[in-house]
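There are 2 protein chains.
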Amino acid sequence: MDCKKVLVEAEGDLDKAVELLRKKGMATAAKKAGRDASDGLIESYIHLGGKVGVMVEVSCESDFVAKTDGFKQFVRDIAMHVAACSPVCVSREEIDPALIAAERKVAEGQAEGKPANAVSQIVEGKINKYLSESCLLEQAFVKDPDQSVQDLLTAMIAKMGENMVIKRFARFQIGS
Amino acid sequence: MDCKKVLVEAEGDLDKAVELLRKKGMATAAKKAGRDASDGLIESYIHLGGKVGVMVEVSCESDFVAKTDGFKQFVRDIAMHVAACSPVCVSREEIDPALIAAERKVAEGQAEGKPANAVSQIVEGKINKYLSESCLLEQAFVKDPDQSVQDLLTAMIAKMGENMVIKRFARFQIGS
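Each protein sequence line maps, in turn, to chains C and X. With the numbering used here applied, the first sequence covers 66 to 241. With the numbering used here applied, the second sequence covers 66 to 241.
Read the hints as simulated data drawn from the structure, not as lab findings. Nothing false has been slipped in among the hints.
Subject to a maximum C-alpha distance of 30 Å in a straight line, what follows is the list of computed DSSO-like cross-link-like pairs (lysine-lysine): (1) C:Lys232 / X:Lys232; (2) C:Lys208 / C:Lys89; (3) C:Lys232 / X:Lys116; (4) X:Lys116 / C:Lys97; (5) X:Lys69 / X:Lys137; (6) C:Lys70 / C:Lys81; (7) C:Lys116 / X:Lys132; (8) X:Lys97 / X:Lys208; (9) X:Lys70 / X:Lys89; (10) X:Lys116 / C:Lys116; (11) C:Lys232 / C:Lys116; (12) C:Lys208 / X:Lys116; (13) C:Lys116 / X:Lys232.
Quick caveat, the model's predicted, so the values are computed rather than measured.
Assemble the whole structure, with the sequences as input and the hints as a guide.
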């Protein structure tokens, strides 16, 4: 993306320029979202001398992009993030309904005694917080907590010009 | 294990000595089997430039054994084996009953027209073959097809003197 052009568009305001770049990135990413991402890369991250291990699969559209240093680094970053932040699943669609039900029970217990009209609001708030903390895409990126993993992915799609999907991950920990 | 002692016991017969060593190994391994294997190692094997990835967790009893070169090599070998042989699960107990049911249906179709008393034998034979080919522990070890992965594990337990369990693995492949 042409940063100078964006700065001119933002009339020299750096914050505004960043905001514009983000919007442009999201628009570009949205355009790519329907495209078939059948190539990609599998990367692992073994931590603490083999006591924690993570493997991730990130797909993109071509082997050409899969082989770039930028994409490789992105996949490594995601693996490192998963090691550090222990997400439960990639996105909300994948989470086990039993986990949400269990979380709801706990939240309802905590909201007991509150006014009836507040209970549902409290419970939904807690469920929402649980989901955003459990889903990889919604977690704050460990190397830059100002952006979510989804933000990082969106920026990557805009930069590389290919659709990309964080397909799956596995996280093993000795004794868990 | 004292190889000379075993050779004497086998009266110099090398094949008999190997057989004796195996039996002794199995006896040693059986003695360890009840012991808690709460330490261990996670290892990964990324193949074909990131198009296939495997991660395995093998537990043992102590960090001391987990850190030995022998154990590390064993875990690496298992990861490589999984990359090459694509097992479905570690052992028969873990296999999805739906997979067996699907396999049974195919086998019954193939046995159609045979004498009724032969059908059940054919079907059970095919199911058994499917299971032994799908379960990691029953597969022929890729680096030495004369022994199964279970044989390798048993020998490792006997050699190291600690209980060991191949706990789990994940195998990712781009486009699958």
